[in-house]
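J.: Sequence lines, in order, name chains A and B.
The opening position of the first sequence corresponds to residue 0 in numbering that gives the first Met the number 0, with each subsequent residue numbered one higher.
The opening position of the second sequence corresponds to residue 0 in numbering that gives the first Met the number 0, with each subsequent residue numbered one higher.
Read the hints as simulated data drawn from the structure, not as lab findings.
There's no promise every hint is true.
Calculated cross-link-like contacts (lysine-lysine; reagent style DSS-like; alpha-carbon spacing at most 25 Å) [stated by the list, open to error]:
1. B:K66 x A:K24
2. B:K313 x B:K66
3. B:K100 x B:K547
4. B:K93 x B:K664
5. B:K362 x B:K338
6. B:K66 x B:K547
7. B:K93 x A:K54
8. B:K276 x B:K313
9. B:K362 x B:K270
10. B:K393 x B:K66
11. B:K215 x B:K66
12. A:K24 x B:K229
13. B:K393 x B:K362
14. A:K24 x B:K215
15. A:K24 x B:K413
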Amino acid sequence: MRYTVYGLVVLLIIIHQDNWLWDDKRLILGFMPITLLYQAGISIGAAIVWFLATKFAWPHHLEEVAQEPPAQAQESGETE
Amino acid sequence: MTQLVIIGIYLALLLFLGVFSSRLFKGTSKDYMLASHSIGPFLLLMSIFGTTMTAFALVGSSGEAYKEGVGVYGMLASSSGIIHSLCFFLLGIKLWSWGYKYGYTTQIQFFRDRLESDRIGILLFPILVGLVIPYLLIGVMSSGVVISSITEGAFESSFADYDYGVPPWLGSLVISLVVLIYVFFGGMRGTAWANTFQTIVFMVLGVVTFVVISNKLGGLDAASHAVLEKNPSKLMRAVDPADRERYAERYQTWTLIAKYNYARRILKTLKLTDEQKAEAYKRFKPRFPNWQTTAEAVYANQPDPEDPEKKLYKLTNEQINKALLTQDDRVIPDPFPEKWVQGIMAHHDLREYPRKANAEEEKAMLIFAENIGHPEHDLDPDDPSKGKKWTIKKALGVYRASSWAPDAPHPMSKLVFFTYFFVPLSVGMFPHLFQHWLTARSAATFKLPVVAHPLFIMIVWVPCVLVGVWATSATFQGAPLFPPHFPANAVLAAMVKKMTSPVLAGFLTAGILAAIMSSLDSQFLCIGTMFTEDIVVHYGGKDRFTDKQVVFMARMFIIVIVAITYGFSLLEPRRVFTLGVWCFSGFSSLFPIIFAAIYWKRLTKAGAYAGVLVAIGTWLFLFKEADYALKPNYTFLGMMPVATMVVASAAAMILVSLVTRPPSKAALERFFPED
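Assemble the whole structure, with the sequences as input and the hints as a guide.
T.: This is the structure in structure tokens:
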């Protein structure tokens, strides 16, 4: 499912490029330009895909970090 | 004056919020800079959204839609909805976990650790601060401009040079001081609270304004149908044939006026008699504003009916080209190019030459001197029906509309639309956003911002884009709402001022300022944090200073940077929005480095240096090619310049990493323990 979510993100990026609507000036519902409606749909689609990401691709192991006390100062690694 | 009072009350509220949140301040630098990792999902969503939505959210979205049409939503907004959340998801959560675990406060601390290189900080610090300054500049300048335009006529006799409103320099100064004060008192906690409050304010007021304006325009259907009839290209990304025809006709008429004015004013070889003028006026219809010059120009261009070879005047090609440049207030090249002695310039050739600095101000002030005055006073005290005195801004607008060439309709490039996707990658490298990510209470806190961010963008942008597009064709009290060449970024404020009540205008201004300030505060804070953490504490030693001293130094550095930015805002009033896109592009060009630092174990110190240097090198090269942002629509290979920067920095980083020594085992175990 994780890879399906990643695939959906790629799909969103591809369908965002709506070349087929480039010269379409139709108004939907009497007032909404079709290009704007489509791209608003992309925004809603993005929210749905990111919701699926939080369900199926979430890095749950990172949530355990908050159960430890936060570091008070930087424990620097070896630097030059 | 009502608007000014509402803005004053709003700013006072913000100060109160900053002081109130300071009561919760724990006194430690960690609390001041990261709110002690205590921010929950709702505050994180609102503060991140408020931070990423700058003046562009309300003012820029409507202004860009006014200029370019509905396509700007796909180019700037829906792409950001996908990419911003992608950055929160792929980068934000990981960086938060390492920040929480290893105690980072800034990006540079992370890079120093991950790349095992102290000097990467020396390289990155000036680059990141240098890129944040133009970003700050956008907010500081926009706030002054917004306050100035909405308070026109607020004073009876003061500030006549600023249309009797608050001067932009004063508005910018007040906003900078207010943000400084609440950031000083509240630190990151105050900033998160203020951002949340301000984000709610600008979202609600944006929707309210949309409803009020659409009603004033006769409803949603009427407003959109006016655009379909008068400017159909604004409803799509191609040019409608009707718009192309209208433009061709207007440009033709404009060239006649240019030639006529050149012959009578510059060459002084033509002077119509009163009889000829009367004949010209009789023949000419329709009667739009300032139609007389057009009538004379058309008349002067017509051949004599009795001798078709004879005209009232004749210009050489060189004179015609100089006439076009003069009429459009453009610099006449010296020496004059041979090709323009032979042939005649097309409109796109004309645009290659820059406009003369201050020409419009000087001419408009001269031509309309008698009309300019206090906007509440009558033009003619004996005849109120003639209307009110003009503001300087109106005089400039009328001058531009009646003198300059009409705007040519242009399609949106498919390649530019696609490569604009690279611009929102900048959020991955914004230092102020990095700091906001680190305030999260837990990794789960990110879930709400990741999901809701695209929806919030839609809620703010869709109404603003519609309003901007409607503005192109709207009429109010029988006249077009905006003349040609009206400054796009002033469209929203002007519509609100003309079409709504002073109270709503005041509230909407507060909303616009909220959007601006909710970015400025985080940027102020992150600049101070970077200075103390990456320079003072890093090189001075963490035991050398107390927490109070660290907070004090952060505040002092913030004051210095704000003073510098404010100084720039007084010097460079022209190219701010274009500079903004260049600043975002600079951050985007560094995106491959942060992405690889998180996900690519093979990234080496040398690879990261190569990536950063190539990113900045290509940025500087392309910035110079674009005439330092003087060419607003500059593209490289037909694409947004940012695409080249990102690809070049990624390629350099990968190639150099593959041929240099891999990172140490200790570093890999620290950041990739599961492998």
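J.: Does the alpha-carbon distance linking K215 (chain B) and K66 (chain B) stay inside the 25 Å limit?
T.: At roughly 22 Å apart (the allowed maximum being 25 Å), K66 (chain B) and K215 (chain B) satisfy the hint.
J.: With a cut-off of 25 Å on the C-alpha distance, tell me whether K24 (chain A) and K413 (chain B) pass.
T.: Since the Cα atoms of K24 (chain A) and K413 (chain B) sit roughly 17 Å apart, the hinted pair holds (cutoff 25 Å).
J.: Is the Cα-Cα distance between K393 (chain B) and K362 (chain B) 25 Å or less?
T.: Holds, at roughly 13 Å.
J.: Are the Cα atoms of K313 (chain B) and K66 (chain B) separated by 25 Å or less?
T.: violated, 36 Å
J.: So if I understand the rule, the pair passes when the alpha-carbon distance is 25 Å or less; does K362 (chain B) with K338 (chain B) pass?
T.: Not OK: K362 (chain B) and K338 (chain B) at ~30 Å, beyond 25 Å, violated.
J.: Quickly compare the C-alpha distance for K393 (chain B) and K66 (chain B) to 25 Å and report which way the hint goes.
T.: With Cα atoms ~19 Å apart, K393 (chain B) and K66 (chain B) stay inside 25 Å; holds.
J.: For the pair we were handed, K66 (chain B) and K547 (chain B), check the Cα-Cα distance against 25 Å.
T.: violated, 50 Å
J.: Does the structure keep K66 (chain B) and K24 (chain A) at a Cα separation of 25 Å or less?
T.: holds, 16 Å
J.: Just to be careful, I want the Cα atoms of K24 (chain A) and K215 (chain B) compared with a cutoff of 25 Å; is the pair within it?
T.: Holds, because 23 Å separates the two Cα atoms, which is no more than 25 Å.
J.: What's the verdict on K24 (chain A) and K229 (chain B), does the C-alpha distance respect the 25 Å limit or exceed it?
T.: holds, 12 Å
J.: Need the status of pair K93 (chain B), K664 (chain B): alpha-carbon distance at most 25 Å?
T.: The hint holds at about 20 Å.
J.: Against the 25 Å threshold, does the CA-CA distance of K276 (chain B) and K313 (chain B) hold or violate the hint?
T.: Judged against 25 Å, a Cα distance of about 18 Å means the pair holds.
Checked against the numbered hints listed earlier, the structure breaks hints 2, 5 and 6; every other hint is satisfied.
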